[in-house]
Amino acid sequence: MLLIKCPFCGDRDELEFSCGGEAHIARPLAENTLTDAEFADYLFLRDNPKGVFLERWIHTDGCRRWFNVARDTVSHEIIEVYPMGETPKTEAAKAAHKASWRRQTAAEAAAKPASPAGRSGS
Amino acid sequence: MKTRFMKKSGTKPAAMRLPEGGRINRGKPVQFTFDGTSYQGFEGDTLASALLANSVYLVGRSFKYHRPRGILSAGAEEPNALIRLGKGARIEPNLRATQIELYDGLTSESQNRWPSLNLDVGAINSLFHRFFPAGFYYKTFMWPASFWKSVYEPVIRNAAGLGKAADDHNDPDRYEKTHQHCDVLIAGGGAAGLMAALSAGASGARVILADEQNEFGGWLLSEGDTTLDGEASPAWIAATLARLEAMENVTLLPRTTVFAYMDHNYITLMERVGDHMAECPAHLPRQRLWKIRAREVVLAQGCHERPVVFGGNDLPGVMLSGAVRSYINRYGVAPGRRAVVITNNDDAYRTVFAMIEAGIHVAAIVDMRPAAAGPLVAEAMRMGLSVHSSHAVLAAEGTRHLGYAKIARYNPKTGDVTGDPFYIDCDLIAMSAGFTPLVNLHSQARGKLEWDEEFCCFKPSTYHEAAQSAGAGNGAFDLATAMAEGAKAGAEAASRIGFEASPAQAPAIDAPVADFRPLNFWGVPSDAAPGSGPKAFIDYQNDVTASDIKLAVREGYQSVEHVKRYTTNGMATDQGKTSNINALGIISGELGATIPEVGTTTFRLPYTPTSLGAIAGRDIKGLFDPVRLTRMDPWHREAGAKFEHVGQWMRAWYYPQDGETMEEAVNREVRRARTHAGILDASTLGKIDIRGRDAAEFLNRVYTNAWLKLPVGRCRYGLMLKDDGMVMDDGVTTRLGENHFHMTTTTGGAAGVMAWLEEWKQTEWPELEVYLTSVTEQWSVATVSGPNARIILEKLGCSVSLRDDSFPFMSCKEARLAGLPVRIFRISFTGELSFEINIPSRLGMALWKNLMQVGSEYGLTPYGTEAMHVLRAEKGFIIVGQETDGSVTPHDLGMDWIVSSKKPDFIGKRALERASMALKDRKQLVGLVTENPMDVIPEGAHAVLDPNQPMPMEMLGQVTSSYFSPNLNQSIAMAMLKGGHAMKGETVWFPMIDGSEPIKATITDTVFYDPKGEKLNG
Ligand SMILES: [Zn+2]
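For the protein sequence lines, the chains are A and B, in the order given.
The numbering of the first sequence is our numbering, which starts it at 1 and goes up by one.
The numbering of the second sequence is our numbering, which starts it at 1 and goes up by one.
Keep in mind that the hints were calculated from the coordinates and are not lab data.
A quick note: this is a predicted structure, and the numbers were derived from the prediction, not measured.
A portion of the hints provided could be inaccurate.
In silico negatives: residues of chain A with every beta carbon more than 10 angstroms from chain B [said to hold, decoys possible]:
(1) C6
(2) G10
(3) R27
(4) L43
(5) S75
(6) E80
(7) T90
(8) K94
(9) R102
Here's a subset of chain A near chain B, in silico, CB distances under 8 angstroms, partners left out [unchecked claim]:
(10) L2
(11) G21
(12) D36
(13) G51
Straight-line Cα separation of at most 25 angstroms, BS3-like style, residue types lysine-lysine; simulated pairs [claimed, not checked]:
(14) A:K5 - B:K722
(15) B:K722 - A:K112
(16) B:K709 - B:K903
Backbone N, C-alpha and C define an ideal beta-carbon position, used for all residues, glycine too.
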């Protein structure tokens, strides 16, 4: 069982949290010209990498706040915990963010310029 | 030769009990039974040592061949002596006799035998052993596939499985769970673990030291030839424990197995609190599960000795050499009278000397090494013992107990027998093929292993978690090295996390200098033709022989994981503690590869079998899941209501009167709600208080319809979608103030909706100022519905007018009702004039009783969830989760009217615009009226156009809701049918699963009752 450092409560057992899956999935703005296929990248496609993964977690049985976690899916090492709406600071997590196929999608482009929040990250 | 066995005395003389020595309490004799016979042992005995003391050698039958089996070991690795312990509901199967502490009145039984241990019918399997080669099940039970369920599986299930659980499944014992944090957790309280505890404890770190045995000390308790600081080891152990007990930061947990090591140093321990007591005091649990988060871990698990692989090595009387020593020195028991020793290392010589000291005749020492030498060998020779270097035991023979050993010279390079065999009578073979470090926990925690060439064993190399190993578990078999490693590991663990620590001072050790390096030979010397000769066992518990493993390799299995599954080696309850390395050795020999090249299997938790009772703890029965009750619950119970579970809630289902059936009761409730008035406890509806500057904007985004212009005091029905456009929840939300809303959700969806809203607020729209509070439990809700609803409330004394002009449909007012403060919502889920009265929850019962008292004059009838379902179905109102299943859009439900086309965005908007959402053959919600009005179509029934078409039939969709409507006096149903909206008026059929006549129905609109909505105003 993972030991996760909630940014608001500190170290807690994994069972107090829920994982919200991949982080930094930008929601296209209302006004967009995405095709159904392009929109599906946002709606359905989720990453499942071996190695560093940027995830959203919520401290369900604690403060009920969402935050981002950079976790190695092989070693289960938690590399970084960082707030919603921000991008990671550590080298490994920064690289994972940059390398994601999602950065190149029309769906992500359609989420700019507004929407600075966590799911949309940047 | 002097004989030191106990003279016969008393009723149950324990013939093999030594007259002195051991850590048993000879002042405390205890009585126990095994297979119905009474025996005597002493406090401090295990069941195994007590059985041996009583000359009971045959203690079980093996799993596949039903071969006679005895006690192999003296610890957790025991594969043979599996016991069914206890009486009645407390019976527990598959316990290792070597770990069962004796207590007065203990009742035990052997397993896998029928009709009795000495006469076992299943042993006939042995005669047909050629029918049970490796992969037997795979080869035999392959074809035809249809035989699986009816023939093969029952046969296998009958043959497989070990002991039988208690017939009474109500475990009378109590179990506990506890959580703990510590700085340093030490697994194993032998020499290394104790030293680690001294070092870490002295630094001030919070230390937990756990050991699976009843006493700390590990193998030190079994050694008679070792002194520490000039005294026998137990004296040093006692002094060390006294020092540790004096440290407030150290917790000692004896009888506690560290059984699982998970991510981030999360470790679980099983403490056997009461298992060793005849009567566990009421204030103690039987077992306690510890869940520990440790900052650092020291693994000092020790090692297990390996059996030597030779024919008949499973006969009762064949025992691990260290175990023999343990029975003599720790338990004061002689496991035999005349022994042969077979070894490939020096350690067995210590057993030789212990046996001689105990008066056991050592008939021969068979040393597999080419030229056995060294001080211990020399000492044996000096004592005149016959030491046979470069010899091997080819076979052990006997019927139910060892009778003699067949021995011959062999070539340690090839395994070929090079001389004539000779035979030595014996009732005990003490064997040692070297030692296997217990890397189980290290490996569970994903630590890596390396092969130690010198000691021919895997030992920890790199660590995945914050941990380190010490002692025999780390490949340090020599006592001085083990203690030094333990002291260092404890200090290092503490200093890594900021404590000032240094290695504790080890005692002065006086012990024989033994060469623990085993001979690197993994063959099975035999003079029999390949495939014949006595079976040489690798995995005792699963009856896997050396030939089975060789056969698997010959059949093409090369990966150790595949050989393991094919032969089932290492897959029994002991997880191959004594067998894995021997199997690897044989595989490597067959493949011509080294052991590290062959690799090792994965260690899984738990280290030893762990009772489910302790894992469940107190989370059973009523405490398994919370049950939520409304404030009016006692009233419903008094009224004789039947209940149903809705999520965690208990809701009144229906209220039978005077012997009514459910159908009669529901029909009455449904009718009365339309002819007079009905009252429903709706307290369980999810309620969320929404406030903040942007509350209206927030609702506008999460619901499909428009919310910005909803006037204060008005209510609106809303539908919530997931972002894929599928219906997720629905409910009525009311604007209580400019920036204040009261949202209701479905009962089952309340928590999910709350989480959903929080997620969007926090992660997508943090710029919105919105505050969400779950207030489900803050309000009790009574819904009064029906033509008499208004008059009942008026009679009760309502501070506001309930007339249509001032209190119209879909509005809300704060008021006092019978003097009680309430919020009244004029909304309707029945289609009748309806008031949903919310009251601070503590006043719920008072409100309900007031309503019932005044309402009785007007026919006010309590109705349950079943009547609620029928009432809403008569009106064609959907229930999310019944009509919908996560793949249904508002358009599919015919609810286009609720989807705003003007709003720029809402959750699910873009997804609804996908081309596939407009497909004509999507399943759509329709009503159904059966041709025979008395036919109620079963929910879930599938619709077809032609009931006579060949199978598989083309199915249109399924019935989602179906009831008999007492108000319409006919059956009504709703269904999700492909292209259903365009099929109004058409006929469909519902074939019945039981083969009875298909039900014929016509597709209709979904509103069956009062389609114009005239009843809403009473
Ligand atoms: Zn928190």
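Okay, the hints, checked on the actual structure:
Non-interface status of C6 (chain A) relative to chain B is upheld: no Cβ of that chain comes within 10 angstroms, the nearest being about 14 angstroms off. The claim that G10 (chain A) lies off the interface holds: its Cβ sits roughly 12 angstroms from the closest Cβ of chain B, which is beyond the 10 angstroms cut-off. Not every Cβ of chain B is farther than 10 angstroms from the Cβ of R27 (chain A); the closest lies at roughly 6 angstroms, contradicting the non-interface assignment. Not every C-beta of chain B lies more than 10 angstroms from that of L43 (chain A), the closest at about 6 angstroms, which undercuts listing it as non-interface.
The claim that S75 (chain A) lies off the interface is violated: its Cβ sits roughly 7 angstroms from the closest Cβ of chain B, which falls inside the 10 angstroms cut-off. The claim that E80 (chain A) lies off the interface holds: its Cβ sits roughly 15 angstroms from the closest Cβ of chain B, which is beyond the 10 angstroms cut-off. The non-interface label for T90 (chain A) is consistent with chain B: the shortest C-beta to C-beta separation is roughly 18 angstroms, beyond 10 angstroms. For K94 (chain A), the shortest C-beta to C-beta distance to chain B comes to about 20 angstroms, beyond the 10 angstroms cut-off, and the non-interface label holds.
Non-interface status of R102 (chain A) relative to chain B is upheld: no Cβ of that chain comes within 10 angstroms, the nearest being about 16 angstroms off. Against a cut-off of 8 angstroms between C-beta atoms, the interface hint on L2 (chain A) holds, since the closest Cβ of chain B lies about 5 angstroms away. At its closest, the beta carbon of G21 (chain A) sits 11 angstroms from a beta carbon of chain B; the interface hint therefore is violated under the 8 angstroms criterion. Checking D36 (chain A) against chain B: minimum C-beta separation of about 5 angstroms stays under 8 angstroms; hint holds.
For G51 (chain A), the suggested interface contact is broken, since its CB lies about 16 angstroms from the closest CB of chain B, more than 8 angstroms. Taken as a hint, the K5 (chain A) and K722 (chain B) pair is broken in the structure, with Cα atoms around 30 angstroms apart against an allowance of 25 angstroms. At most 25 angstroms may separate the alpha-carbon atoms for a hinted pair to count; K722 (chain B) and K112 (chain A) meet this at roughly 22 angstroms. Proposed proximity of K709 (chain B) and K903 (chain B) is supported: the alpha carbons are some 12 angstroms apart, at most 25 angstroms.
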